[in-house]
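Participant: What follows is the residue order along each chain.
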Amino acid sequence: GIDLDDPSLYADLEKKYHVPTGGPSLDNVIVVDNVPRVPGEKEDKLKNVLRKTFKTMSAVKENGVHLVRGPDPENPAGTLTRSYAFVEFETAKDAQVAVAKGDGYRLDKTHVFACNLFNEIEQYGKPPGEFKAPEPEAYQEREYLKSWMMDTMARDQFVVRHSDETEVYYANKTDEPEKACARNRWTEKYVQWSPRGSYMTTFHRPGIAIWGGVSWMRLRRIAHENVRMILWSPEEKYVITVSHDAVKADDGEMHNICVWDVNTGAMLKSFPAGKAFKWSHDDKYVARQGPNCINVFELPSMKLVDQKPLVADDVKDFEWSPTENTIAYWIPEVGNSPARVMIVDMPSRAIKRTKNLFNVHDCKLHWQGEGDFLAIKVDRTTKTKKTTFASFELFRIREKEIPVDVLDLKDPLVAFAWEPQGDKFAIIHGEGNTLNVSFYTMDSEKRSAPVRLLKLLERKTANRLFWSPKGQYIVLAGLKGSNGSLEFWNVRDLEQMGVGEHYQCTDVEWDPSGRYVATSVSYWQTTMETGYKLWDFRGRLVFEKQIERFYSLSWRPRPRTLLSKEQIKEVRKNLKEYSAEFSRMDDLRENKASRVIFERRRQLMEEWEAYRTQRIDDHYDEHDE
Amino acid sequence: AERTAILERRAEIDRRRERQEALQHQKEMAEAKEREARLRREAEQERQRIADEAKRRELDRLQKERDAIEREQKMKMAEELKRKSEAVGIKLVVDVETMKDLNTEQLITKQVEQLEQEKREMRTRLNAVAKRMDHLERAYRRVEIALMEKDYEH
Amino acid sequence: LFDLLLVAHGQAMRPLLLQGHSRPLTKVRYNREGDLIFTTAKDKVANVWFSHNGERLGTYNGHNGSIWCLDTTYDSARLLTGSADSTAKLWDVETGGELASFTQKTAVRAVGFALGDRTAFTVTDALMGNPAQLHIYDITSQTPAAVRSFNVGDSKVICACWGPLNQYIYAGHENGDITLWDWQNGTLARTIKEHTNAITDMQFAGDKTYFITSSKDKTAKLFDTKSLDRLKTYQTERPVNSASISNLKEHVILGGGQEASMVTTTSARAGKFEVLIYHKVFEDEIGRVKGHFGPINTVCFSPDGRGFTSGGEDGYVRLHHFDKDYFEFEIDF
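Protein chains in written order, with my numbering: chain A, 1 to 625; chain B, 1001 to 1154; chain C, 2001 to 2333.
Just to be clear, a hint being listed does not mean it is correct.
[Unchecked claim] Interface residues of chain A toward chain C, partial, derived using beta-carbon atoms under 7 Å:
id, residue
1, Ser438
2, Arg549
3, Phe598
4, Leu604
[To be verified] Here are the simulated BS3-like cross-link-like pairs (lysine-lysine), alpha carbons at most 27 Å apart as the crow flies:
id, chain 1, residue 1, chain 2, residue 2
5, A, Lys278, A, Lys377
6, A, Lys455, B, Lys1082
7, B, Lys1076, A, Lys460
8, B, Lys1110, A, Lys460
9, C, Lys2249, A, Lys179
10, C, Lys2226, C, Lys2290
11, C, Lys2105, C, Lys2218
12, A, Lys470, B, Lys1076
13, A, Lys569, A, Lys592
14, C, Lys2208, C, Lys2232
15, A, Lys55, A, Lys101
16, A, Lys146, B, Lys1131
17, C, Lys2232, A, Lys545
18, A, Lys573, B, Lys1150
19, A, Lys173, B, Lys1082
20, A, Lys61, A, Lys47
21, C, Lys2044, C, Lys2105
22, A, Lys284, A, Lys146
23, B, Lys1131, B, Lys1076
24, C, Lys2290, B, Lys1119
25, A, Lys146, B, Lys1110
26, A, Lys565, B, Lys1119
27, B, Lys1131, A, Lys569
28, A, Lys173, A, Lys545
29, C, Lys2156, C, Lys2105
30, A, Lys460, B, Lys1150
31, B, Lys1110, A, Lys470
32, A, Lys237, A, Lys173
Calculated from the structure, these hints are not laboratory results. Glycine included, every Cβ here is placed at the ideal spot set by N, Cα and C.
The following block holds chain A by itself, in its conformation from the complex (with noise of 0.2 Å):
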């Protein structure tokens, strides 16, 4: 296990940005930063000012304030006060107040405090502008990331989190799952997969940490205190961390988000809390809402593509798609002006399509998994503002000039999903507690109408649709409320393919292959029977488990296969030849698997049949006494 207490696993990386102090303790001064600069006989003056100031506020030391002298840029023999001045206070809680207080007071019109506790300084205080960027760590011999790929069986893996355990498992075909790795207090949250399951993110007190390769060795560590969520970039360059506490910058803001290149370590920038950063399918750029704008920034310089936001006025929402570095947003009405959809291109700005909406209350944008499609849930008002009904529009991004289809919708809508590989979506309608499920295909047949309809399912417990990752195949869950009751679909053939429930299933999630399905009932929403169970892609109990204290099951992402399409034709041509020989390997094991419980059974049944043997002979000579 590792002791996560131990202050050693994060030692080097505080070593490296701490600013040696030595002596006493310093949490009763604070650093005033925009204090005017003043030749030597103007010193005791200011330090007087300063210090009837901060006395206004809290309890100054008696010579408390140090002003620190340096040279005069523009009298060679002349020196200057430096801009900012060190405060001691009687105690490390007046030096708060001072802060809190004095940070942003005004001395004059130029002159505008900025205060900060010395000692957060020190522990955070690396303005960008300085920032270095780390010495990459020592040389070690990289392990393959990809290592767990290499299992003959292709078999995939998940991970689990329960009580202070961490163990990570390869799903078996029948059977109980393998234990790969497992840890004790491995972290202090949760635990999260990068997108292409190179890296497992741990959590702790002073900042995450990245692991991988077949020995899950340390790969990365990333200081930021109370790391609250992380966002990876799709191809795992970068990473966002979003912290509660906040760090001022250098521009006096207090920043909670720090955006970091994994490779190095090194951080590229930081932002104030705020509306939640959006990446580019490909890593070029990261996105975020502005006030009437999207900034886009490119990477690794962190700076606005172009050196300018992407101009869009009171923008709401908007989506990178999938496969393109394409943005769709929206903008609501204004005075009589429509709601407008916009899709552009980046970095060139080009629009794409617009499409103007009427009296629309709200939007939520979705893109298909391939960028194909893009779906606008738009509900509406009716011109007394009176009801609201709502509709889909849908894009067709591959065809020339985008049309668009529309969807009436006569019921409230409860869920949506695109089909995440293929032309199909499913939504759930209705109110209540019976629902109904739709599925429509976008392949059309005629112009005339668009959008099909291929299947109404009436009177449905579910409330949350599943897709597999492959398409095709869909779960319809009753989560919550509905007791966790399982619907598996093959929604091509129109087919029911078995059903199940979990009792207060939480959580669904597809395996990346598309082969299983795991359902778990996590602590973090109930507290009793909680655990997982695996089924297979047609609804088939393969394993399920009861674990005390169960949070999460979460399956590894799958890297982007190696394969080239002319190989995957070739495998597939081949397939029966693969399959005769699986088969032969999967009966052969079968039936050394039985034969081992088979010779497990046999010998219990020996011992038993001795023993009470024995114990009748015992029983009898006992009555011969």
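The hints should help you fit chains B and C onto chain A, whose structure is shown.
Facilitator: Leaving out everything else, chains B and C in the frame of chain A:
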């Protein structure tokens, strides 16, 4: 004497006539009574017949109603079976018209039979799909592992 | 293979529902011949039923508190019950008449007739300065005073049975201990600690050469009567309230479930509380029988092993007769 004889004979005739009349009267009375009784009996019988007839008609009506309800129920059941089967993507072999002529037990048997049959077929089909999925993944992996050696060196 | 049994039991086997108790069941037990079933519950009455059709034969009225335990004589003529009303009562099985009442200082947790039916024990709870005690009674004379009483330690006794040939009384404690008592001298003969939480039930195999205990530690275990060696462990996912050994097949049944107070969504889980069937030798679960609406408090195999009875927190007694699938089912080895 002759007069006496005449008077006596007349008197005798009168007596006879009186007796005759009395008998006649008695007879008529008896006949009237009998007729009345017969009429009453006949009326009673008629009433009974009408009542029986009504009862029979009512029973017929009820039977017809029952038949109709049963028929309707069977129809409903048949349609329900059809709906249920189709809801999970199963096409029925037997059509609703044929099914409505079957009795309830036959229908249930049919229902169970058909669903079992479909289930078996689906299981076989899905077993093959599951196997194919697994084997395809493993086949890809076999080719891919060879490429990974090179990938690592990069 | 295991699916088969599961299906066979879950659906085809139709149980008889015995409705005669209004509160949670505490014990179900068959008489020696297996033609009668005795049940006790928190509703203060004991019932007797015909096992072949589930018809109620009679009720034993007289206790003033929950009845915790029962035992019957070899000839099924007498019934002994122990209650929270601090009495143990001796009943005439046939007439329902109360023959004797043995007054105790605290609730009676377990009772048992010794082989020969001349002697019986009761175990009482520790309460308000009274230690947990074993009391020995002379049933022949029906003397209301105990022949002998002795303390049985600090941890409450939850279940107890006479061992073979009346040599020892076997007791299961709240702290998980199993103790053996030399009842003639009032001394502790042995203690083993194999369970980590309260022992909830103890039942002997037909020939008394081994016995099973169930525990809140989510296991049931099989012990050799003489050596007290642990023979088998049956691991489950919930507290086990009762366990019983088949005299016909190599099977044991386990009943349990989360504490009543923990089950907040009982109605949503209607009928989902299961009796688990385990292979006695292989320790594998081989089937489940659903049906109760709450945790199962007590289970018992019929002496011929052709059926079993379960009593639940839901106040129902469910009487199961196995169907032919059960008898045909064999695990290959």
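Participant: Each hint needs a verdict: does it hold in this structure or not?
Facilitator: Hint by hint, here is what the structure shows:
1. This hint is violated: Ser438 of chain A has a C-beta 28 Å from the nearest C-beta of chain C, more than the 7 Å allowed.
2. Checking Arg549 of chain A against chain C: minimum C-beta separation of about 14 Å lies over 7 Å; hint violated.
3. Checking Phe598 of chain A against chain C: minimum C-beta separation of about 5 Å stays under 7 Å; hint holds.
4. Restraint check, Leu604 of chain A versus chain C: the minimum CB separation of about 5 Å is within 7 Å; hint holds.
5. Restraint check: the Cα-Cα separation between Lys278 of chain A and Lys377 of chain A comes to about 20 Å, which is no more than 27 Å; the hinted pair holds.
6. Straight-line distance between C-alpha atoms of Lys455 of chain A and Lys1082 of chain B comes to about 16 Å, which keeps the hinted pair within the 27 Å bound.
7. Restraint check for Lys1076 of chain B and Lys460 of chain A: satisfied, since their Cα atoms lie roughly 21 Å apart, inside the 27 Å limit.
8. For a cut-off of 27 Å, the pair hint linking Lys1110 of chain B to Lys460 of chain A stands: about 26 Å separates their Cα positions.
9. With a C-alpha separation of about 36 Å, the suggested pairing of Lys2249 of chain C with Lys179 of chain A is violated against the 27 Å cut-off.
10. The straight-line distance between the Cα atoms of Lys2226 of chain C and Lys2290 of chain C is roughly 35 Å, outside the 27 Å bound, and the hint therefore fails.
11. Under the criterion of a C-alpha separation no larger than 27 Å, the hint pairing Lys2105 of chain C with Lys2218 of chain C is inconsistent with the structure, at around 32 Å.
12. Distance hint between Lys470 of chain A and Lys1076 of chain B is unfulfilled; the C-alpha atoms sit about 40 Å from each other, more than 27 Å.
13. Using a Cα cut-off of 27 Å, the hinted pair Lys569 of chain A and Lys592 of chain A is violated, with the two alpha carbons roughly 34 Å apart.
14. Of the pairs offered as hints, the one joining Lys2208 of chain C and Lys2232 of chain C holds, with about 16 Å between alpha carbons and a cut-off of 27 Å not exceeded.
15. A threshold of 27 Å between alpha carbons decides the hint, and for Lys55 of chain A with Lys101 of chain A the separation of about 11 Å falls inside it, so the pair holds.
16. Taking the CA atoms of Lys146 of chain A and Lys1131 of chain B, the gap is about 25 Å. The hint holds against a cut of 27 Å.
17. Distance hint between Lys2232 of chain C and Lys545 of chain A is fulfilled; the C-alpha atoms sit about 22 Å from each other, no more than 27 Å.
18. A hinted pair counts as satisfied when its Cα atoms are at most 27 Å apart, and Lys573 of chain A with Lys1150 of chain B qualifies at roughly 25 Å.
19. A distance of roughly 35 Å separates the Cα atoms of Lys173 of chain A and Lys1082 of chain B; the hinted pair therefore is violated under the 27 Å criterion.
20. Under the criterion of a C-alpha separation no larger than 27 Å, the hint pairing Lys61 of chain A with Lys47 of chain A is consistent with the structure, at around 12 Å.
21. Distance hint between Lys2044 of chain C and Lys2105 of chain C is fulfilled; the C-alpha atoms sit about 18 Å from each other, no more than 27 Å.
22. Distance check on the hinted pair: Lys284 of chain A and Lys146 of chain A sit about 23 Å apart at the alpha-carbon level, within 27 Å; holds.
23. Taking the CA atoms of Lys1131 of chain B and Lys1076 of chain B, the gap is about 40 Å. The hint is violated against a cut of 27 Å.
24. Straight-line distance between C-alpha atoms of Lys2290 of chain C and Lys1119 of chain B comes to about 24 Å, which keeps the hinted pair within the 27 Å bound.
25. Proposed proximity of Lys146 of chain A and Lys1110 of chain B is contradicted: the alpha carbons are some 54 Å apart, above 27 Å.
26. Between Lys565 of chain A and Lys1119 of chain B the CA atoms are separated by roughly 37 Å; this puts the pair beyond 27 Å, and the hint is violated.
27. Taking the CA atoms of Lys1131 of chain B and Lys569 of chain A, the gap is near 19 Å; set against the 27 Å cutoff, the hint holds.
28. Distance restraint check for Lys173 of chain A and Lys545 of chain A: the Cα-Cα separation of roughly 16 Å lies within the 27 Å cut-off, and the hinted pair is therefore satisfied.
29. Simply put, Lys2156 of chain C and Lys2105 of chain C have alpha-carbon atoms about 15 Å apart, close enough for the 27 Å limit, and the pair holds.
30. Distance hint between Lys460 of chain A and Lys1150 of chain B is unfulfilled; the C-alpha atoms sit about 50 Å from each other, more than 27 Å.
31. Using a Cα cut-off of 27 Å, the hinted pair Lys1110 of chain B and Lys470 of chain A is violated, with the two alpha carbons roughly 37 Å apart.
32. With a CA separation close to 33 Å, the supplied pair Lys237 of chain A and Lys173 of chain A exceeds the 27 Å bound.
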